[in-house]
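Novice: Read top to bottom, the protein sequences are chains H and Y. So the first sequence is numbered by this note's numbering: it starts at 28 and just counts up by one. So the second sequence is numbered by this note's numbering: it starts at 11 and just counts up by one.
Each hint should be verified, as a subset may be incorrect.
When the alpha-carbon atoms are kept at most 25 Å apart in a straight line, the in silico BS3-like pairs for lysine-lysine are as follows [said to hold, decoys possible]:
#1 H:Lys49 / Y:Lys46
#2 H:Lys65 / Y:Lys66
#3 Y:Lys109 / H:Lys80
#4 Y:Lys80 / H:Lys68
#5 Y:Lys66 / H:Lys36
#6 Y:Lys66 / H:Lys67
#7 H:Lys49 / Y:Lys109
#8 H:Lys68 / Y:Lys46
#9 Y:Lys109 / Y:Lys66
#10 H:Lys67 / Y:Lys109
#11 Y:Lys121 / H:Lys67
These are computed hints drawn from the structure, not numbers from a lab.
As a plain string of letters, each chain reads:
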Amino acid sequence: DTEVTQTPKHLVMGMTNKKSLKCEQHMGHRAMYWYKQKAKKPPELMFVYSYEKLSINESVPSRFSPECPNSSLLNLHLHALQPEDSALYLCASSPDRADYGYTFGSGTRLTVV
Amino acid sequence: GEDVEQSLFLSVREGDSSVINCTYTDSSSTYLYWYKQEPGAGLQLLTYIFSNMDMKQDQRLTVLLNKKDKHLSLRIADTQTGDSAIYFCAERGNTGGFKTIFGAGTRLFVKA
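With the rest of the complex left out, here is chain H (with noise of 0.2 Å):
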């Protein structure tokens, strides 16, 4: 499997609600990461997990919280976001370095209404 999968690929939410969204890789990858892409820009970083630990944050609002349950699963978890927060979220893993490059996932489009 050189996957990396991420649900749900669209969502759609309210400034009041709660969502998460989750990815999954079996490549045996031990670092995970999330970046967010907004229309025509390059992926931002947001945080990256390292052997299931936090170990970037890129000051990112506490609205998102990052969750590694195990090596092969990353979530975020969303809370009151606002319409600014509407982009492409896409989730990547690598070796423990990244030496030869991120597999990525497809991404899951978020809408904030």
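We have chain H; now place chain Y onto it with these hints.
Specialist: For chain Y alone, coordinates are given in the frame of chain H:
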């Protein structure tokens, strides 16, 4: 800080070669990458090159690295309509840990 720059658009005719250019500022960049993103999809790693290499070829793709000028290029031979996508140059230095810096992306249009 570290920066990666690319031209925003490139248009070529089907069957021609495409050359997408990228410059970076981090002199410690050790790993350089090209990713492809099709509409509505995630990024797909196309190829990578290490800073101790000048060139890497993989089927229709040729990557050239000029470390002195901090310039990276991706050549796609015999460009097809299926190559239409956004191509991101990215770099990671030894000091960056897990952090990879992406360029803004070059949108490649292939005309039939």
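Novice: Against each hint, give a clear statement of whether it holds in the structure.
Specialist: Okay, the hints, checked on the actual structure:
A distance of roughly 23 Å separates the Cα atoms of Lys49 of chain H and Lys46 of chain Y; the hinted pair therefore holds under the 25 Å criterion. Distance hint between Lys65 of chain H and Lys66 of chain Y is unfulfilled; the C-alpha atoms sit about 31 Å from each other, more than 25 Å. With a C-alpha separation of about 16 Å, the suggested pair Lys109 of chain Y and Lys80 of chain H falls inside the 25 Å cut-off, and the hint holds. Distance check on the hinted pair: Lys80 of chain Y and Lys68 of chain H sit about 22 Å apart at the alpha-carbon level, within 25 Å; holds.
Only pairs whose Cα atoms come within 25 Å are accepted, and Lys66 of chain Y paired with Lys36 of chain H is rejected, the gap being roughly 35 Å. A distance of roughly 28 Å separates the Cα atoms of Lys66 of chain Y and Lys67 of chain H; the hinted pair therefore is violated under the 25 Å criterion. As the CA atoms of Lys49 of chain H and Lys109 of chain Y are separated by approximately 22 Å, the hinted pair is consistent with the 25 Å bound. Our distance criterion of 25 Å between C-alpha atoms is met by Lys68 of chain H and Lys46 of chain Y, whose separation comes to about 13 Å.
For the hint pairing Lys109 of chain Y with Lys66 of chain Y, the CA-to-CA distance comes to about 23 Å; that is within 25 Å, so the pair holds. Restraint check for Lys67 of chain H and Lys109 of chain Y: the C-alpha separation of about 21 Å stays at or below 25 Å, so the hint holds. In summary, the hint linking Lys121 of chain Y to Lys67 of chain H is supported, as the alpha carbons are separated by about 21 Å, within the 25 Å threshold.
Comparing the model with each earlier hint shows violations of hints 2, 5, 6; every other hint is respected.
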